[in-house]
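2 protein chains.
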Amino acid sequence: MAKNEILDTYEQLKKATKAGFLSAGTADLLSELFERSAAFVQACDREKLTSKVEGKSYFRFTSGDKTSRAVNTALYSDAPLPWKKALAALDSALLPEDVQARITRQVYSAVISFCSAIDLLKSGDQKTPGTVFEYAIGFLISKQLDCEPQQTMPIMNADIGTLKLPTDLVFNLGEGKPRYHVPVKTSSRERSIMFWAHQRLLDGVYGLERYQGLPVLLAETKCSKSGVVTEICLPDQWKVYQTYIAKLRSIQYLDVPKALENLGETYPHVIVRPLGALLATISSGTDC
Amino acid sequence: MAKNEILDTYEQLKKATKAGFLSAGTADLLSELFERSAAFVQACDREKLTSKVEGKSYFRFTSGDKTSRAVNTALYSDAPLPWKKALAALDSALLPEDVQARITRQVYSAVISFCSAIDLLKSGDQKTPGTVFEYAIGFLISKQLDCEPQQTMPIMNADIGTLKLPTDLVFNLGEGKPRYHVPVKTSSRERSIMFWAHQRLLDGVYGLERYQGLPVLLAETKCSKSGVVTEICLPDQWKVYQTYIAKLRSIQYLDVPKALENLGETYPHVIVRPLGALLATISSGTDC
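Going down the list, the sequences are from chains C and E. Convert by adding 11 to the 1-based position in the first sequence; the result is the number in our numbering. Convert by adding 11 to the 1-based position in the second sequence; the result is the number in our numbering.
It is worth saying that the hints were derived from the structure and are not from the lab. Any given hint might turn out to be false.
The list makes no distinction among identical chains, and a pair is therefore deemed to hold if it is satisfied within one copy or across any two copies.
Computed cross-link-like contacts, SDA-like style, restricted to lysine to any residue with a CA-CA straight-line distance of at most 25 Å [what the hints assert, rightly or not]:
hint, residue 1, residue 2
1, K269, L176
2, K14, F150
3, K25, K133
4, K258, E276
5, K175, T241
6, K258, T178
7, K175, C244
8, K258, N168
9, K233, S134
Let the hints inform the model, and build the full structure from the sequences given.
Have a look at this one:
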C-alpha cells in the first residue's frame, strides 16, 4: 500500500515536471513524495553500520530481508515535513551558515528517505532515485534563481549546422548575467570525468567558463552486505581533470565525502562544499 | 558442463593476462576459450531477427527461454578455429584489404560467440564479455606491435606530484616513435564522451596528439525482447566532441554501425572503420 502510494506519487511527479520545475504541481508532489517516503522509512527498523569514514556514523533501514543504502546519522532528521521547512528557509533573502547547514540536512533527509524507500520496495532500481534527486535539486535551484533550466543546448557551427545537444540542467539568466551548468548525480562513480568533459565542451562552444560548472551529488558512500560503509573518492584524479581538461567552479554534496572536503585549499582548487553553500551563493545572483 | 568449461577457461585466462598479453598462456587460453564458446553456440538454435538497420541482417542464439545478443549474419562464420586463422593472417607482413576484412570477420565470430555464450549461460552479465573483448583486442594489438600495453600512465606535475593514473590500453613504442591510446568497449552507449575526455587529458599532459586516440568497439546494436535490432548512434554529438574536446585518430568497430560509416568524409572527420584496417596500419609501425 505504502509502495503503491509512493510509486503513484512518483508517476504524477514525472508528469508534473514536464510543465516545469516551478509549476505548482511539481512543488506539491515533491513535498507529498518526500512526506510519504519519510513516513514509510520511519516505520522501518534501523541497523547501525560499521563506518570506516573518520568522524561519520551511518545506519540503514531494513524491511524483511531487504536493506536500504547507508544513511548519515548526523545529517538525517526524522522531523516532520523537513522538505517544506527547507523551502520556507529558502524564501528568506539571506542564508547565513547555520541556515545553509540546516537546508543541507533537510534536503538530505528528504532525498535519502525516498532513495531508501525505493531500495526497500524495489530491487536494483538505481534510476528512480537518480531521477527524483535530479527533480529535487532542479526544483531548489530553479526556485532560488526564479528561472527554469534548459535541458538541451543549441550548438551552432558552420560545419555541423544547428544542433540541439541534450545536456544536464543549464540555467541561462539572460544577457550579460551568469549562466550555470548543473549536472546532478547520486554519486560520481567511475564517470566523474564526464563533468569535466561537458565543461570543456561548453568552454569550447560558448567561451571559457561562460557557463559555470556546478555539479551536485548526493554522496559517495558504499555499503557492503555485511554493513561496512566506505567512501569511494578519487581526489588525485579530480586534480588531474581540473588541471588538464577544464575548470569546474565547485562541486556540491549533500553528504560531503571526507577525502574531498579540503580539496579546494590548494591548486588546482577543486572546491567541494555542501549544497546549502551553493544555494546561498546563487540566491545572491552573482558568480558562484 | 559446457558452462563450467567456458567459465574455467575464462578464470585461467584472467590469471594468464597478468603475465602479459604476449605470454604463451594468454594466446593459448584465448584460443581455447573461443573454440569452446563457438562449439557451445553452434549447438544452440538460431532465431532470425527483424533488422531495422539498412543492408544488415541479424540473428540470435537461443537456449531454453534465454536469448543471446544480436549476431551480424554476414560477419559471423561457423568455420572451425576462426581465432587461430585470424592469428595466422596477422603473421603475414602485409594486410591487403581482403585479408583485413577476413580478420575483422574472424575476430567478430570469435568474440560474439563468447559474448553470446555468456548471454545464454548467465543472467545480466555485461562485465565478463567486456573483459574478454579487452583481452582479445589487447592481445591482437600487442602482437601486431610486439609491445605490451601499460595500464597506468605516470603524470608528473609540480602541484600534484607523481601520480599513476589508471587508464585504458596505452602502447608506448619508445622514444620518437608513435604512441597509441586504445580504449576498448563492447559499445559506447551514453559514455562515448569519455573517449574524447581521456584524449584531452593526454593532450594536456603529454602534448597534442602525442598519444593517438584509437578506440575499439564491438558494435552498437540493440535488440528488443521481441527481436527487433536497431543501432544506437550519436553521429552529431561525436562531431561536436571531435570539434570542441579533442581529436581522436580513428574509431574501429568489428560491426561498423551504418550511421557512422561515412562520418570521416567531412569535417571534423571522425574516421570510423573496421578493426582490420587498424591492424593493417599499426603493423606498418607508422602513424595511424
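Hint by hint, here is what the structure shows:
In the homo-oligomer, the alpha carbons of K269 and L176 lie at most 25 Å apart only across protomers (21 Å), although the nearest pairing inside one protomer, at 35 Å, exceeds that limit. In this assembly of identical chains, the alpha carbons of K14 and F150 lie at most 25 Å apart only when taken from the same copy (24 Å versus 50 Å across copies). When the C-alpha separation of K25 and K133 is checked against a cutoff of 25 Å, the pair qualifies only within one copy, where the shortest distance is 18 Å, while the shortest distance between copies is 34 Å. In this homomeric assembly, K258 and E276 come within 25 Å of each other (Cα to Cα) only inside a single copy, at 15 Å, whereas the closest approach across copies is 33 Å.
In this assembly of identical chains, K175 and T241 lie within 25 Å of each other by CA distance solely across copies; the values are 22 Å between and 39 Å within a copy. Proximity of K258 and T178 under a CA criterion of 25 Å is satisfied in both settings, with 18 Å inside one chain copy and 21 Å between copies. Taking the shortest alpha-carbon separations for K175 and C244, only the inter-copy value of 15 Å comes in at or below 25 Å, while the best intra-copy value is 33 Å. Both within a single protomer and between protomers do K258 and N168 lie at most 25 Å apart by alpha-carbon distance, with minima of 23 Å and 17 Å respectively.
Proximity of K233 to S134 under the C-alpha cut-off of 25 Å is found in both arrangements, the shortest distances being 17 Å within a copy and 24 Å between copies.
Consistency note: the structure conflicts with none of the earlier hints.
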